[in-house]
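Enquirer: The task is simple: from the sequences and hints, build the whole structure.
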Amino acid sequence: MLERKRLKGRTQVTFVLPADSPDGPVSVVGDFNDWNPAVHPLQVRGDGMRAATVVLPARSVHSFRYLGTGDHWFDDDRADGHDGSNSRVNT
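If you count the sequence shown from 1, position 72 lands on 147 in my numbering, and the numbers rise without skipping.
Each hint can be trusted.
Derived DEER-like restraints, expressed as beta-carbon distance ranges: (1) R153 with D98: 17 to 23 Å; (2) D122 with G159: 31 to 37 Å; (3) R134 with D95: 31 to 37 Å; (4) H157 with V130: 18 to 24 Å; (5) G145 with R81: 35 to 41 Å.
I should point out that these hints are in silico values taken from the structure, not numbers from a laboratory. Since we're looking at a predicted model, the values are computed, not measured. Don't be surprised by glycine CBs; every beta carbon is placed ideally from N, CA and C.
Expert: As structure tokens, this is what we get:
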């Protein structure tokens with residue numbers, strides 16, 4: 076799930092997954108962090124969900140995926156779109 080907050084000239088995007096699905100650590104990786112899983116690991120928040128927040132330029136489109144334990148790559152079913160191999164987020 077994607078949550079957005081508009082900022083002046085930018086958009087804060089929060090990538091959200093349930094705390095227990097999938098098991099183990101998960102990172103959001105994409106063109107905004109050079110596909111580096113160490114940059115945006117999802118952290119458990121107060122509502123029991125896991126999340127990572129990224130600030131992106133307004134009116135832009137970015138590719139991303141999630142990377143879980145055991146090199147398990149997966150997409151976000153609620154993303155703004157898909158380009159064949161990646162999820163897409165529109166700011």
